[in-house]
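Generate the whole structure from the sequences, applying the supplied hints.
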Amino acid sequence: MVPLKLQALFCLLCCLPWVHPFHWQDTSSFDFRPSVMFHKLQSVMSAAGSGHSKIPKGNGSYPVGCTDLMFGYGNESVFVRLYYPAQDQGRLDTVWIPNKEYFLGLSIFLGTPSIVGNILHLLYGSLTTPASWNSPLRTGEKYPLIVFSHGLGAFRTIYSAIGIGLASNGFIVATVEHRDRSASATYFFEDQVAAKVENRSWLYLRKVKQEESESVRKEQVQQRAIECSRALSAILDIEHGDPKENVLGSAFDMKQLKDAIDETKIALMGHSFGGATVLQALSEDQRFRCGVALDPWM
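Residue numbers (mature numbering (1 follows the signal peptide of the UniProt record, and there is no 0)): -21 to -1, 1 to 277.
One should not assume that every hint holds.
Label pairs and their in silico Cβ distance ranges [unchecked claim]: (1) 188 - 55: 30 to 38 Å; (2) 93 - 119: 43 to 51 Å; (3) 120 - 223: 22 to 30 Å.
Only pairs whose alpha carbons sit at most 20 Å apart, straight line, appear in this in silico SDA-like list of lysine to any residue [as the list claims (entries may be wrong)]: (4) 244 - 217; (5) 234 - 219; (6) 197 - 241; (7) 121 - 266; (8) 197 - 102; (9) 237 - 149; (10) 237 - 72; (11) 121 - 220; (12) 36 - 144; (13) 121 - 241; (14) 121 - 272; (15) 33 - 66; (16) 223 - 208; (17) 36 - 77; (18) 223 - 234; (19) 223 - 41; (20) 33 - 79; (21) 36 - 94; (22) 237 - 66; (23) 175 - 53.
Keep in mind the hints are simulated off the structure, nothing from the lab.
Every value quoted in this text rests on a predicted model; they were computed, and no experiment measured them.
Even glycine gets a Cβ: it sits at the ideal position worked out from N, Cα and C.
What follows is the structure, encoded as structure tokens:
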């Protein structure tokens, strides 16, 4: 008899030719009806590149670099994935979803058994994006800055195609990973010792009951706006020559960002719940000159 895990894997593989371009749906996140579960599985799998298991390259003229930055400890630390114009196009080796826990978080968001997260990790855990990891920044120019806020059930790497596309056209993009438990998964380090040994503390998506939805979402969007402002402050500190320690210990030299950002061109962008975050943050932080709310939801 074929093991249950292999049966499930076979079914998922058979579904791959049917997937359509990725689009997050923030409603009914925990509906266990088979048809709903099936369509949610399709949505996640199609994120691997519109049915081709490939994240598209940017259409601009700049090579794209990518790195992760985390400033501070605890769940109030700042965590972003940074996309930027690179000095040259090195190896396109940036892993799309870098930890198994993110796939497990997606299974929570989808309302599916944890085995689905394991299967998705098996299928897509090694998928890379067309960006060079820790590649040097292209110097000699000042770039507009975009802070990006992800949607419900997403995290900092899901929108890699958008970040890469913008960076290839001369933008620096900082995609925030939110700690309000609206992300499928995120992590932080409790202290310096934990960071040194990579002992991650994980936060997973919070299941919100219908009767508490309004109050919880209000609290979350307020926290999200604060996190976007903190991310902007951290990046501007680097721009001004006062970088904080990147507790991830990245090989990326943050000093490259000094005098590299055009502070007259700072924007905020977000999708779905991130779109609502854009509206909230614009009303609170005047450093954001404009915003782009993609399909806002709350």
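Going straight from one Cα to the other, do residue 223 and residue 234 come out at no more than 20 Å?
holds, 10 Å
CB-CB spacing for residue 119 and residue 93 relative to the 43 to 51 Å hint
Given a distance of about 48 Å, which is inside 43 to 51 Å, the answer is holds.
Next pair to validate is residue 175 with residue 53; report whether the Cα-Cα distance is within 20 Å.
holds, 14 Å
Under the criterion that the straight-line Cα-Cα distance not exceed 20 Å, is the pair residue 36, residue 94 satisfied?
violated, 31 Å
Hint check: residue 244 vs residue 217, CA-CA at most 20 Å. Holds or violated?
holds, 16 Å
Given the hint that residue 197 pairs with residue 241, test it: the Cα-Cα distance must not exceed 20 Å.
violated, 32 Å
Taken at face value, is the distance from the CA of residue 144 to the CA of residue 36 at most 20 Å?
holds, 7 Å
Is the hinted pair residue 223 and residue 41 satisfied, with a Cα-Cα distance of at most 20 Å?
Between residue 223 and residue 41 the Cα gap is close to 27 Å, so the pair fails against 20 Å, i.e. violated.
Between residue 33 and residue 79, does the CA-CA distance stay at or below 20 Å?
holds, 19 Å
Residue 197 and residue 102: Cα distance at most 20 Å?
violated, 36 Å
Can the restraint linking residue 234 and residue 219 be considered satisfied, given a maximum Cα separation of 20 Å?
holds, 10 Å
Agreement of residue 237 and residue 149 with the hint, judged by alpha carbon distance not exceeding 20 Å:
holds, 16 Å
Checked against the numbered hints listed earlier, the structure breaks hints 1, 6, 8, 10, 14, 15, 19, 21; every other hint is satisfied.
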